[in-house]
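Just so you know, the sequences run in chain order A and B. Residue numbering for the first sequence follows our numbering, beginning at 5 and increasing consecutively. Residue numbering for the second sequence follows our numbering, beginning at 5 and increasing consecutively.
Think of the hints as simulated: they come from the structure by calculation, not from any bench. Here the structure is a predicted model, which means the values were calculated and not measured. Watch out, some of these pointers could steer you wrong.
Copies of the same chain are indistinguishable here, so a pair counts whether it falls within one copy or spans any two.
Claimed, not checked - Restricting the straight-line Cα-Cα distance to at most 27 Å, the calculated cross-link-like pairs of lysine-lysine (DSS-like) are:
(1) K396 with K434
(2) K41 with K407
(3) K393 with K112
(4) K41 with K353
(5) K449 with K396
(6) K339 with K41
(7) K452 with K269
(8) K213 with K449
(9) K213 with K266
(10) K266 with K369
(11) K339 with K127
(12) K346 with K460
(13) K263 with K339
(14) K300 with K425
(15) K112 with K22
(16) K300 with K407
Each chain, letter by letter, is given below.
2 protein chains.
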Amino acid sequence: MNMNKDKTSSSLSKQPYKGTRDLFPPLKRTQDYMFSKMREVAHLFGYEPYDGPLLEEVELYKAKSGEELINEQIYSFTDRGARFVAIRPEMTPTLARMVAQAHKEMSKPIRWYAIPNLMRYEKPQKGRLREHWQFNVDIFGAPQLMGELEILELAIVLLQSFGASDNDFEILLNDRQVVDDIFKKLLNLDSEIVHRLYKIVDKSQKVPKETLDHMIAELNIGSRETELFLDYLQIKSFEELFLFLDKNNLQTTKNNLEKFSKLLKDINIFKFIKYDPTIVRGLDYYTGIVFEIYDKHPDNRRALCGGGSYANLLQIFNEAPLPGVGFGLGDVTFKEFLSLHKLLPDFSKPEVDFLISYQTSDGEKQALQLANSFRSLGLKVVCNLQVIKIAKCFPLAERLGAKFVVLIGEDEIKNNFLVIKNLQTQEQHKLELNLALDSSNENIKNLKTKIKEICKK
Amino acid sequence: MNMNKDKTSSSLSKQPYKGTRDLFPPLKRTQDYMFSKMREVAHLFGYEPYDGPLLEEVELYKAKSGEELINEQIYSFTDRGARFVAIRPEMTPTLARMVAQAHKEMSKPIRWYAIPNLMRYEKPQKGRLREHWQFNVDIFGAPQLMGELEILELAIVLLQSFGASDNDFEILLNDRQVVDDIFKKLLNLDSEIVHRLYKIVDKSQKVPKETLDHMIAELNIGSRETELFLDYLQIKSFEELFLFLDKNNLQTTKNNLEKFSKLLKDINIFKFIKYDPTIVRGLDYYTGIVFEIYDKHPDNRRALCGGGSYANLLQIFNEAPLPGVGFGLGDVTFKEFLSLHKLLPDFSKPEVDFLISYQTSDGEKQALQLANSFRSLGLKVVCNLQVIKIAKCFPLAERLGAKFVVLIGEDEIKNNFLVIKNLQTQEQHKLELNLALDSSNENIKNLKTKIKEICKK
Chain A
5 MNMNKDKTSS
15 SLSKQPYKGT
25 RDLFPPLKRT
35 QDYMFSKMRE
45 VAHLFGYEPY
55 DGPLLEEVEL
65 YKAKSGEELI
75 NEQIYSFTDR
85 GARFVAIRPE
95 MTPTLARMVA
105 QAHKEMSKPI
115 RWYAIPNLMR
125 YEKPQKGRLR
135 EHWQFNVDIF
145 GAPQLMGELE
155 ILELAIVLLQ
165 SFGASDNDFE
175 ILLNDRQVVD
185 DIFKKLLNLD
195 SEIVHRLYKI
205 VDKSQKVPKE
215 TLDHMIAELN
225 IGSRETELFL
235 DYLQIKSFEE
245 LFLFLDKNNL
255 QTTKNNLEKF
265 SKLLKDINIF
275 KFIKYDPTIV
285 RGLDYYTGIV
295 FEIYDKHPDN
305 RRALCGGGSY
315 ANLLQIFNEA
325 PLPGVGFGLG
335 DVTFKEFLSL
345 HKLLPDFSKP
355 EVDFLISYQT
365 SDGEKQALQL
375 ANSFRSLGLK
385 VVCNLQVIKI
395 AKCFPLAERL
405 GAKFVVLIGE
415 DEIKNNFLVI
425 KNLQTQEQHK
435 LELNLALDSS
445 NENIKNLKTK
455 IKEICKK
Chain B
5 MNMNKDKTSS
15 SLSKQPYKGT
25 RDLFPPLKRT
35 QDYMFSKMRE
45 VAHLFGYEPY
55 DGPLLEEVEL
65 YKAKSGEELI
75 NEQIYSFTDR
85 GARFVAIRPE
95 MTPTLARMVA
105 QAHKEMSKPI
115 RWYAIPNLMR
125 YEKPQKGRLR
135 EHWQFNVDIF
145 GAPQLMGELE
155 ILELAIVLLQ
165 SFGASDNDFE
175 ILLNDRQVVD
185 DIFKKLLNLD
195 SEIVHRLYKI
205 VDKSQKVPKE
215 TLDHMIAELN
225 IGSRETELFL
235 DYLQIKSFEE
245 LFLFLDKNNL
255 QTTKNNLEKF
265 SKLLKDINIF
275 KFIKYDPTIV
285 RGLDYYTGIV
295 FEIYDKHPDN
305 RRALCGGGSY
315 ANLLQIFNEA
325 PLPGVGFGLG
335 DVTFKEFLSL
345 HKLLPDFSKP
355 EVDFLISYQT
365 SDGEKQALQL
375 ANSFRSLGLK
385 VVCNLQVIKI
395 AKCFPLAERL
405 GAKFVVLIGE
415 DEIKNNFLVI
425 KNLQTQEQHK
435 LELNLALDSS
445 NENIKNLKTK
455 IKEICKK
């Protein structure tokens with residue numbers, strides 16, 4: 005009655021909001037498959053699920069990332085209670101808030117994961133949408149390097165759980181401690197210049213050589229410093245890095261990284277890791293190991309996943325430091341990775357065990373009851389809710405992805421049976437129709453035995 | 005380096021945004037359990053998953069629900085591209101938009117479900133929060149009454165899948181056609197009065213008798229009309245309703261409902277249904293059967309779930325009518341229902357199979373490798389990432405919900421074995437330590453056999 009007929013307008017768009025997706029069943033099944041493997045792998049490592057609010061106060065994001073970084077990219081607004089809030093663009097600030105609330109009562113390490121939906125205001129492009137889901141995995145309070153090790157291992161096992169092979173991806177890794185050592189101890193630069201150098205490192209792979217040189221020249225850091233910095237950017241492996249650190253007397257950091265690379269070798273994941281001096285994860289809150297997982301496919305040279313260790317995430321709540329390590333993996337880029345490497349099953353059709361159909365209206369009651377009984381056995385059953393000709397059943401079953409079709413026609417009712425057709429083998433089976441008529445325990449037991457026989461054949 | 009120390013402030017709140025929840029692991033596990041059963045039951049009936057954007061243009065909500073209904077309750081704002089958008093307060097408009105896009109190419113009926121997070125601007129109170137998740141199930145294009153039947157059945161099977169018994173809930177049901185017939189055919193009222201009467205019906209259970217009388221009196225609809233209306237509100241069962249419809253010559257509607265009640269009896273769910281003349285589902289878009297599932301627990305007399313059939317949802321997109329039936333079930337009220345009836349397992353602890361520990365740093369490598377091997381068998385393994393005394397292992401295992409503890413001490417390493425302790429039976433098993441040292445297929449096979457033996461004991 006209140007359909008607001010006057011509002012009916014041909015201008016009402018059927019398209020989703022810019023940069024977001026309508027997840028029709030084939031896509032949603034794909035996403036559910038991805039999510040279920042994420043959960044599975046998190047649980048294999050003993051990580052516990054959490055989630056938080058869709059909205060947080062903007063102050064929280066500012067405290068974590070700084071004013072200039074968040075203003076451009078967040079969906080913020082003032083609510084009716086004059087709170088300045090934002091739709092979560094990332095999960096880490098919420099995570100930090102929750103850990104700050106609870107960590108004192110929790111035994112360490114804390115192992116948590118989440119798969120939240122996030123929104124960022126950005127120009128939609130390949131692999132980057134305004135709305136996406138992100139698998140977030142974090143460990144807090146693990147012994148130094150051990151948390152880093154476990155987090156990397158978990159990320160690798162995740163990719164492997166989808167069938168990714170050693171050649172499909174690589175992990176580019178760096179240590180912010182190396183960068184800090186070089187900038188602060190070796191080059192003795194003040195924090196403003198360090199800040200700008202970090203920006204340059206972060207961009208160094210994305211800009212031409214001349215631009216890079218120009219950016220460095222602008223800093224006026226002296227020729228020895230410039231040379232050292234450029235030497236650093238040329239480092240291509242752990243061996244080269246260790247030589248560089250040796251040569252420059254950065255022994256503590258070298259020892260630490262050597263120990264880490266030994267651990268990586270111990271558990272046989274060193275083969276995935278490549279040292280890359282340009283990985284710093286932006287101006288973010290990381291303080292130690294940082295990494296990005298890269299697709300090795302030539303058509304998709306991009307990071308699937310980024311993460312690292314951070315010492316001071318709880319500091320914004322005036323809590324004592326609790327070191328953490330974590331990563332985030334977005335569903336859009338990850339799905340592209342899986343598609344490109346042909347690691348996704350076909351989700352175009354649903355998965356249904358039985359299509360139950362009746363060819364006479366007298367079969368309706370039996371069909372409905374049979375559907376009930378089958379479902380109580382855990383079978384996925386679509387009941388065709390009206391009389392349908394036999395010939396039309398099969399294309400329908402095909403569209404539904406059904407494995408068996410049940411037929412209940414006039415003959416069947418007269419002679420008290422029903423026909424089950426296996427669509428793969430084309431075999432037919434008969435079953436007493438009265439099995440459908442009550443769902444007593446005894447009856448269900450008999451039905452189960454018979455269905456098991458039929459399904460196995 | 006960029007932790008914005010100047011922003012560090014003791015005023016940064018650790019609490020979640022008003023009316024939202026921090027889902028710490030025990031609560032998130034509970035929610036995941038609820039969601040997985042929802043998916044399971046949807047799949048038993050052949051419903052396919054979908055999802056849509058977090059934001060929609062406000063126009064969409066206005067077109068569906070009308071200006072006055074949405075302005076108060078939505079989180080709306082203008083984006084940087086001058087689009088007036090809202091965080092989804094409900095899923096139905098998005099569903100309608102997506103079905104309007106795709107229905108022409110899809111075989112009917114279309115069976116879809118989703119579990120979106122939604123936000124409504126409202127005063128937080130028991131069972132009502134600003135953010136919640138809602139299980140949405142809809143069928144489009146089913147033969148009349150058959151979609152209604154299936155949707156009711158699915159809702160009942162869902163509750164039963166959690167262990168709810170016949171006495172835990174009831175379904176209050178009405179038919180908007182009955183109400184329309186009475187108001188339009190019998191009382192011959194114009195649409196403005198009908199509109200106001202719908203509001204009165206909707207409120208009739210929530211206000212005292214005097215207020216109700218006063219509201220009716222204000223309509224000035226005459227004494228015969230008032231009496232008929234009050235008679236209608238007194239109807240307590242299908243029998244009384246059928247008598248009322250007979251007496252007033254509303255035969256078509258009566259026949260329809262009689263047919264429906266016979267179908268409900270056929271599949272043995274009539275016992276859950278109670279006719280209730282006051283159920284109309286507000287001023288919403290429903291056109292036929294409407295229902296609410298009520299908790300029968302005296303401490304929680306409230307609706308868990310509401311739904312019904314609607315003929316014209318696609319009309320706002322200028323699409324031809326495609327009848328639908330659906331319901332929505334919110335996670336907050338549903339969890340209260342499940343808690344109150346003691347239908348929730350204990351999710352206070354995680355579920356872990358093995359805690360792998362080492363009592364000497366020489367055991368680190370073996371522990372890490374063993375953890376890997378165990379995980380490749382699908383076992384959930386927490387590896388303690390530092391040397392830990394045996395005595396401390398057991399309380400830790402207890403907190404982790406671990407079933408077994410692995411111990412690797414000096415003796416074990418010297419003699420090439422490890423100890424597995426079953427925490428329930430206190431039994432101990434020894435296993436060759438070198439099984440942990442490589443993860444060749446042969447080795448994993450042997451390990452699997454041994455672990456199976458141990459876990460079964």
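Tested hints:
In this homomeric assembly, K396 and K434 come within 27 Å of each other (Cα to Cα) only inside a single copy, at 20 Å, whereas the closest approach across copies is 61 Å. Taking the shortest alpha-carbon separations for K41 and K407, both the intra-copy value of 25 Å and the inter-copy value of 23 Å come in at or below 27 Å. For a Cα distance limit of 27 Å, the shortest separation of K393 from K112 across copies, 15 Å, qualifies, whereas the shortest one inside one copy, 63 Å, does not. With identical chains, the CA atoms of K41 and K353 are at most 27 Å apart both within one copy (20 Å) and between copies (21 Å).
Taking CA atoms no more than 27 Å apart as the test, K449 paired with K396 passes in neither setting, with 32 Å inside one copy and 48 Å between copies. For the identical chains of this complex, K339 and K41 are neighbours both inside a copy (13 Å) and across copies (26 Å), given an alpha-carbon limit of 27 Å. In this homomeric assembly, K452 and K269 come within 27 Å of each other (Cα to Cα) only across copies, at 24 Å, whereas the closest approach inside a single copy is 51 Å. Taking the shortest alpha-carbon separations for K213 and K449, neither the intra-copy value of 74 Å nor the inter-copy value of 53 Å comes in at or below 27 Å.
For a Cα distance limit of 27 Å, the shortest separation of K213 from K266 qualifies neither inside one copy, at 34 Å, nor across copies, at 79 Å. When the C-alpha separation of K266 and K369 is checked against a cutoff of 27 Å, the pair qualifies only between copies, where the shortest distance is 10 Å, while the shortest distance within a copy is 68 Å. Taking CA atoms no more than 27 Å apart as the test, K339 paired with K127 passes inside one copy only; the shortest distance there is 19 Å, against 39 Å between copies. For the homomeric pair K346 and K460, neither the shortest alpha-carbon distance inside one copy (30 Å) nor that between copies (38 Å) is at most 27 Å.
Proximity of K263 and K339 under a CA criterion of 27 Å is satisfied in neither setting, with 34 Å inside one chain copy and 48 Å between copies. In the homo-oligomer, the alpha carbons of K300 and K425 never lie at most 27 Å apart, since the shortest distance is 46 Å inside one protomer and 43 Å across protomers. For a Cα distance limit of 27 Å, the shortest separation of K112 from K22 qualifies neither inside one copy, at 42 Å, nor across copies, at 29 Å. Neither within a single protomer nor between protomers do K300 and K407 lie at most 27 Å apart by alpha-carbon distance, with minima of 38 Å and 40 Å respectively.
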